Amino acid sequence: MTTQDRMSRRMPTSEHTIGPFFPRSLFGAGDSDLTIVAPDASPTRRGEPILLRGRVTREGGVPCLNMILEAWQADADGRFDHPLDPARHMADPDFLGWGRAWTDEEGEFAFRTVMPGGYDDPVGRRAPHVNIAAMGAGLMRRVLTTVYFPDHAADHAADPVLALVPAARRARLVARPEGMADGLRVFRFDIRLRGTAEEETPFFDA
Amino acid sequence: MSAEDVPDRFDPWPPGVPPQVPVPGYPNTWTYTPSQPLIRRVPTRTEATGPIRLDRKLLCGEANLAERTPGRFAIGQLIHLSGRILDEDGRPVGGAVVELWQANAAGRYANPIDQRAAPLDPDFLGHGRVRTDEDGRYAFLTIKPGAYPVPVQDTWWRPPHLHFSVLGPSSLSRLVTQMYFRGDPLNALDRILNSIPDEAARERLIARDLPPAEVGDRWLGFTHDIVLRGRRATPHTP
Chain Z
1 MTTQDRMSRR
11 MPTSEHTIGP
21 FFPRSLFGAG
31 DSDLTIVAPD
41 ASPTRRGEPI
51 LLRGRVTREG
61 GVPCLNMILE
71 AWQADADGRF
81 DHPLDPARHM
91 ADPDFLGWGR
101 AWTDEEGEFA
111 FRTVMPGGYD
121 DPVGRRAPHV
131 NIAAMGAGLM
141 RRVLTTVYFP
151 DHAADHAADP
161 VLALVPAARR
171 ARLVARPEGM
181 ADGLRVFRFD
191 IRLRGTAEEE
201 TPFFDA
Chain B
1 MSAEDVPDRF
11 DPWPPGVPPQ
21 VPVPGYPNTW
31 TYTPSQPLIR
41 RVPTRTEATG
51 PIRLDRKLLC
61 GEANLAERTP
71 GRFAIGQLIH
81 LSGRILDEDG
91 RPVGGAVVEL
101 WQANAAGRYA
111 NPIDQRAAPL
121 DPDFLGHGRV
131 RTDEDGRYAF
141 LTIKPGAYPV
151 PVQDTWWRPP
161 HLHFSVLGPS
171 SLSRLVTQMY
181 FRGDPLNALD
191 RILNSIPDEA
201 ARERLIARDL
211 PPAEVGDRWL
221 GFTHDIVLRG
231 RRATPHTP
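First to last, the sequence lines map onto chains Z and B. Residue 206, in the numbering used here, is where the first sequence stops; the numbers in between run on with no holes. Residue 238, in the numbering used here, is where the second sequence stops; the numbers in between run on with no holes.
No lab work stands behind these hints, which were simulated from the structure alone. From a predicted model like this one, the values you see are computed outputs, not experimental measurements. A virtual CB, placed ideally from N, CA and C, is assigned to each residue, including glycine. Each statement offered as a hint is correct.
If the Cβ cut is set under 7 Å, some of the chain B residues that face chain Z in the computed set are: (1) P19; (2) T46; (3) H127; (4) S171; (5) A201; (6) R229.
Where chain B lies over chain Z, by a calculated footprint (3+ residues, C-beta under 8 Å): (7) 22-36; (8) 68-82; (9) 90-102; (10) 126-134; (11) 138-145; (12) 151-165.
Coverage of chain Z stretches by chain B, computed from C-beta distances (three or more under 8 Å per stretch; other residues unrestricted): (13) 11-19; (14) 51-62.
Turn these sequences into a full structure, and let the hints guide you.
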């Protein structure tokens, strides 16, 4: 570390709870749709559009109202429109890969997206996945988890992140097929914030 | 935006900087906070990346919370708040989306969930969203919020505070935080502010007052910088 480097080092600002009052008015139409880059844009035509639904519960299985969830994932070919992706020039320009949703009285949320692609990372081959961050009153820090899909069981065995999860808890990170809606496959990924080791969703360090 | 402009190294949070949970006196934290240890992972591309043109999705440019309709000001002490969004190298984060929300001068949110018996101000909705310029700068014109009691047994009062949500160039730099005002006697009693163990880290959540001579007679001026997680793995030479 050079002197210059040391001098410029700043401590990160502390995280706080998002609280109960994150305004609904900060949500716009299509915020929970990862397939559109702007409210008036057309959805991408690459990949299989899918719906990702789930329910957030806390200790005792009680639904969590007004949780804010943010999703981030690669496009259908496993690329990101971001400077850190060496294949960025091939990323789908019509796919945003980010969305935000809130939970209703039943704790339910829904995203529209496309089935992500896997990609090669320096630490290994990542299986197709969606990263989810959940925030809400009662959560001083956001919690981070990852959704995998039952289509890719063979890829799961090689995924370097899933390998860090205790084997008995890995199945909690695989979404369940839940039929069709609007002609799209639906996947369910329920999030249990706090419970026993068997009940609780595995969360990753921020 | 090139690869040199975005952080690619995410050190663990320094000790004492993240809130300590669950929080005594904040009962929800005891039923929401995960009980199992968080799983450590090396950030892969999904964690290190994030949406970089989010201003197309989340419309920005709502910077004046105090005067939604020209000539109709919200009730309260007018304040001008500006600052910079930086990374851990101290480099400005341009193009970040900064969201702000807050209670009105009576300490009530214009949100149906807030049913406290305190007046609503029809001229104050209390939220805004802007995009930082290339120097990482943001600015809002708003009012100083009021304090409000937390509806729990053994209540405490939240000191006047603003909520910030900042979306930078990486999922790991995503930050939701709150900003406080210097000298408020409720700061020392606030269970949320004091969930941050490190005193210097708490101090960094308190805005700096600007001298009135510097900002003029239209509003009180405050400045507040926010540092997002993330650095460059190799120091960048301009």
